[in-house]
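Make a model of the complete structure from these sequences and hints.
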Amino acid sequence: MNNRIKGLFVNVVLVFLLVGCATIKLIEEKNVKWKSGKFSSELPTGWSKYSWPGNILSLTRDGSYLQYIFISKTKTNKELQKTKKKITEDLLLQELSEIIKDELSLSDGITNFEVISQKPANIDGIDAFRLEYIFKNSEMVDYHGVVYGFVFKKKYYEISYCAMQQHYHAVSIDAFEKFIKNFKVEQS
Amino acid sequence: MNKVTSMVLILFATTFLISCASTNFENIENISKFEHVEDEKSLWKEVEEVQKKLVNSSAIYPDKDLQNYVNGVLDKLVAGNEVNWGADIEAHVIYNSDFNAAMWPNGFMIVHTGLLAHLDNEAQLATILGHELTHFLHRHSLKSRNKLVNITAALGTIRVAAVGAAYGLAYNGYDPSGIDDLHNAIALGFEGAYYGYSRATEFDADEGGFDLVKERGYDVKEAKAAMENMLVATELVEKKGEIPYFYSSHPKTKLRIKNYSKFINDLSKDVDLKSTISNGEQEYMNHIKNMLIDNLSLDIKKKNIKLAKRQIERYSKAYSDDYKSLYYEAMILLREDKKDEAIEKLSKSKQLNSQHPDTLKELGVLLYKKGDKDEAKDNFRNYLILQPDAKDADFIRRYLDE
Numbered sequence: 001m002n003n004r005i006k007g008l009f010v011n012v013v014l015v016f017l018l019v020g021c022a023t024i025k026l027i028e029e030k031n032v033k034w035k036s037g038k039f040s041s042e043l044p045t046g047w048s049k050y051s052w053p054g055n056i057l058s059l060t061r062d063g064s065y066l067q068y069i070f071i072s073k074t075k076t077n078k079e080l081q082k083t084k085k086k087i088t089e090d091l092l093l094q095e096l097s098e099i100i101k102d103e104l105s106l107s108d109g110i111t112n113f114e115v116i117s118q119k120p121a122n123i124d125g126i127d128a129f130r131l132e133y134i135f136k137n138s139e140m141v142d143y144h145g146v147v148y149g150f151v152f153k154k155k156y157y158e159i160s161y162c163a164m165q166q167h168y169h170a171v172s173i174d175a176f177e178k179f180i181k182n183f184k185v186e187q188s
Numbered sequence: 001m002n003k004v005t006s007m008v009l010i011l012f013a014t015t016f017l018i019s020c021a022s023t024n025f026e027n028i029e030n031i032s033k034f035e036h037v038e039d040e041k042s043l044w045k046e047v048e049e050v051q052k053k054l055v056n057s058s059a060i061y062p063d064k065d066l067q068n069y070v071n072g073v074l075d076k077l078v079a080g081n082e083v084n085w086g087a088d089i090e091a092h093v094i095y096n097s098d099f100n101a102a103m104w105p106n107g108f109m110i111v112h113t114g115l116l117a118h119l120d121n122e123a124q125l126a127t128i129l130g131h132e133l134t135h136f137l138h139r140h141s142l143k144s145r146n147k148l149v150n151i152t153a154a155l156g157t158i159r160v161a162a163v164g165a166a167y168g169l170a171y172n173g174y175d176p177s178g179i180d181d182l183h184n185a186i187a188l189g190f191e192g193a194y195y196g197y198s199r200a201t202e203f204d205a206d207e208g209g210f211d212l213v214k215e216r217g218y219d220v221k222e223a224k225a226a227m228e229n230m231l232v233a234t235e236l237v238e239k240k241g242e243i244p245y246f247y248s249s250h251p252k253t254k255l256r257i258k259n260y261s262k263f264i265n266d267l268s269k270d271v272d273l274k275s276t277i278s279n280g281e282q283e284y285m286n287h288i289k290n291m292l293i294d295n296l297s298l299d300i301k302k303k304n305i306k307l308a309k310r311q312i313e314r315y316s317k318a319y320s321d322d323y324k325s326l327y328y329e330a331m332i333l334l335r336e337d338k339k340d341e342a343i344e345k346l347s348k349s350k351q352l353n354s355q356h357p358d359t360l361k362e363l364g365v366l367l368y369k370k371g372d373k374d375e376a377k378d379n380f381r382n383y384l385i386l387q388p389d390a391k392d393a394d395f396i397r398r399y400l401d402e
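Those protein sequence lines, which keep their order, are chains V and R. Under the working numbering, think of the first position of the first sequence as 1, with each following residue one higher. Under the working numbering, think of the first position of the second sequence as 1, with each following residue one higher.
There could be a bad hint or two in this list.
[What the hints assert, rightly or not] Simulated crosslink set (DSSO-like; lysine-lysine; CA at most 27 Å straight-line): (1) V:Lys-78 <-> R:Lys-338; (2) V:Lys-38 <-> V:Lys-184; (3) R:Lys-143 <-> V:Lys-75.
Hints were generated in silico from the structure; no laboratory data involved.
See the structure below:
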């Protein structure tokens, strides 16, 4: 392959990657239904769906710095980044929520991490935990987060929400909880 | 040398001379009336912005008694000279289990709980504080920054932010304060405060610190012991790449121990070292009791098992709270997946103190998973009696209701 063709090939790949990464789709009434593998729900209208490496779903209304909803999955029996703990299928929900709490509290670039509540939850018949917390980022801006976590078919799933406390949390939390309420899991 | 090479060299030398920022400043303790030298005022101002954020964050360890004690020791070293030095010299204890202490250019000092947890006494603390104080008195931040500015200017790259890369620093996710102040610090050009300065500068600070410790009547042999403690602790870190600060370099720490030996030997030629006053062990251990527990919990959380074990040993030796030592030994056993041994330790802990909520909860969880539900429920019930508003109370009630 001569250099000119090689250069062209690299450019095409770059453009392809950039376009692919930057896909943002506004959620309107006509496209609120969402399904991915065994999971489905209704997306909040007025929010946007975008792709984020490693996430099953990424949503934001005003920008991910202001608020987001993520769904992510992690293999069980794999060391977590900060605590080096492993999520195993035999963990009690209380233990699982403790691990995630510790993992969150050790995140880089956050301070004043505080748990507001740590409770059992149920997501379409699946036992889960709900962890609500607040923290400040490196600019000392307050954030409010909620995580639902559960183990399903040997994988740990996390549906997380986070928003800037001022202005954004109050107007976004209902959309998140509605998303959770409508969340369906195909058990078969 | 050919013509082109000569021209390049002349050009390089000219650039260097033109851009040269001074690195030759008088040490602060030698000045009768403090005045800022060029660039110093702006450096202090920039630092103060970061400082404001830090003191208002949870990065500060919330133990006023410990904070006051550390500052009391620092005050002994400062000996009322603050006014002459034009700075507010103050130490802040940071809740972070990495071994670190740093002096910012304006006299704002940070000491990590991780460092305090591995010292034995007040004389060792004074050694660390004296070392850091010397960085301030000898204007090491400003000198180091100007040196770097000269190098980058001479190389045609003015961006101070590039300094970290130029010095081959590995950030490694290390966050000394729980917030991103390190990035700011590096951008301000005082990364030496975090990662250690050049060897000569560190040795200068060791010598200055040693003199202060000696002058205030502490047992100077403890200065060397402080370094030895750091070496032992550093060797217990499982992931070496994650150690920040100059303690990460063993040869450097070993060299520093050698230096302290020399300081002590030199001094012993003139002074009977047995006559030196005290090392303040009891006083020190009284003040770090709660901090030691919090710091070792953090190490357990981060799976720094060997370090946590060392701290538990120190805790057991110094205090009679055996139930707490047993509880944390159990937490380590759990991290090592030794559940039965953890149950044994927790049961012993409970025998010594049946009112420790964490012991009851952990024991309950382990017994519940083992199938011993009646005994698990007993522990859960007692846990809820002691902590009815615990954040995880709903989980525990759910297990009780089954």
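Hints, one by one, checked against the model:
1. V:Lys-78 <-> R:Lys-338: holds (18 Å)
2. V:Lys-38 <-> V:Lys-184: holds (8 Å)
3. R:Lys-143 <-> V:Lys-75: violated (50 Å)
Against the hints set out earlier in the document, a violation occurs for number 3 only.
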